[in-house]
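Could you build the full structure based on these sequences and the hints that come with them?
One line per chain: the protein sequences are A and B, in this order. Numbering-wise (this note's numbering), the first sequence opens with residue 1 and increments by one. Numbering-wise (this note's numbering), the second sequence opens with residue 1 and increments by one.
Rather than coming from a laboratory, the hints here were simulated on the basis of the structure. Idealized CB from N, CA, C, for every residue including glycine.
Computed footprint of chain A on chain B; a stretch qualifies when at least three of its residues, placed anywhere within it, have a C-beta under 8 angstroms from a C-beta of chain A: (1) 163-169; (2) 178-186; (3) 192-204.
If you want the ones that stay clear, here's a sample from chain A, every Cβ over 12 angstroms from chain B, calculated: (4) PRO47; (5) VAL48; (6) PHE122; (7) ARG253.
Now for the letters of each chain:
2 protein chains.
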Amino acid sequence: MAEAGKLAILAGGGALPGQIAAAAEAAGRPVTLVAFAGTTVEAAGFPVIAARIEKLGALFADLRAAGVTHVVMAGGMRRPALDPAGFDDTFLAVAPRLMAALQGGDDGLLRVVIAVFEEAGFTVEAPHDLVPALTAAPGFLTATAPGHADRADADRAAEIVQGLGALDIGQGAVVAQGLCLGVETVQGTDAMLRFVAETARGARPNPDGARGVLLKMPKPGQDLRVDMPAIGPETVRGAAAAGLAGIVLAAGRVLVLEQDETLAAAEAAGLFVWARDDI
Amino acid sequence: MAEAGKLAILAGGGALPGQIAAAAEAAGRPVTLVAFAGTTVEAAGFPVIAARIEKLGALFADLRAAGVTHVVMAGGMRRPALDPAGFDDTFLAVAPRLMAALQGGDDGLLRVVIAVFEEAGFTVEAPHDLVPALTAAPGFLTATAPGHADRADADRAAEIVQGLGALDIGQGAVVAQGLCLGVETVQGTDAMLRFVAETARGARPNPDGARGVLLKMPKPGQDLRVDMPAIGPETVRGAAAAGLAGIVLAAGRVLVLEQDETLAAAEAAGLFVWARDDI
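The structure is reproduced here in structure tokens:
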């Protein structure tokens, strides 16, 4: 946490905004949360600025009035339904860029969002720079370790996700016995794992062979200040329900949310969690 | 149908083997079907050779005894469970190559299967070379036509499937409003469409905007003698259930099974079917 300055957390759902707020406060840094209309923010005890995306100028004014110099985006946010009647001038000025980016992949949209905040004078930080412990160091995070076939499946999955990244889709894939059983799309990791759970019967050539892995990593060149890939307890439950052997992560570049609970769930289900620094 | 010689159809499920058999017979060509254990073959009225993959030498002998010089693979086949106790010498000789290929994508396996038949002296033909009417000529196959946004979604989907092909996965994708909602994996097109039907609620940024397209095309460089991409009435039903606007095909390189029923189903559901020669 090298940067000083009051921090505003643009908060999505889940536990991450609260974790970052707590870590920033523990480091002696003033912090506030920004809750967008339609998003439920779980971070009791911190000041909250209510915001609407349509009123971007009002949000910038509120942030400056509160002394905010730095922002971080944290937690899952759905693409919102916008009320055109509510657009303020600041929103209208950036709307053409946002609308153009909305037609493309996720990265394009989020790059525009970062640019808009930077042009307004804010410094945009990355969650894992604020709280390095949110990611995993290289190695096996569980007592269960991958076998030879699991390592081969992980290599194949990494090849696929790297290839998909060039297309600006996906931060995840499921591979079993060399076969791709799932590719992450905008519906997210949990939806992909449910798909695998429902469809993989018979798709693995050898019913007694390798059960497969979930691999999560950023797209090549992805700006980790937004939409950093993440796993959490729900990911572990989904991977177990899909009959997988384990989860493979890019060390230092994938958020492990609620780390104690996540790893305990993996141990309980007999899944390995493996952070690799070579993918 | 330039080639003479008796034709054996290595028959998978569905209507395609029967269609090819009827077309070959109508062209004056002798034809037999090969039914592998575990596969239900729908092609009444044609001679059938029963076969087991484990007894590959026996199959080659039966084909030669029947005067077969040419083979074509047609219809969906699942990766079979093999009985090691039943392997004959011919199977054992090719088993190492088959097993190695089984660890990779579909293309690798099917390329080995073609090579094995060619090395045994058979000529392997492509379904659409035998029956050109199985594919579609360029243009709109339905009265319903794609709009501007549908064309953009089709372009994006083609870019994705071409990129996936380099990774040896997928012959299909679903894109709506520029976002990828589904990537075809080994579970096939119908499973992907069910996934989209179940998960796409809220994934389209504009609920009143473009509904999206299913795109089907071969992988770049794919050998069309095996595993040629296909659509049929079930594909249309799946695309309609997924709320899509239409289906886009590579003209001449995607099988349109039960063409009359398929296109009638698309018209009834208000879906367009568009065969493109520029993808």
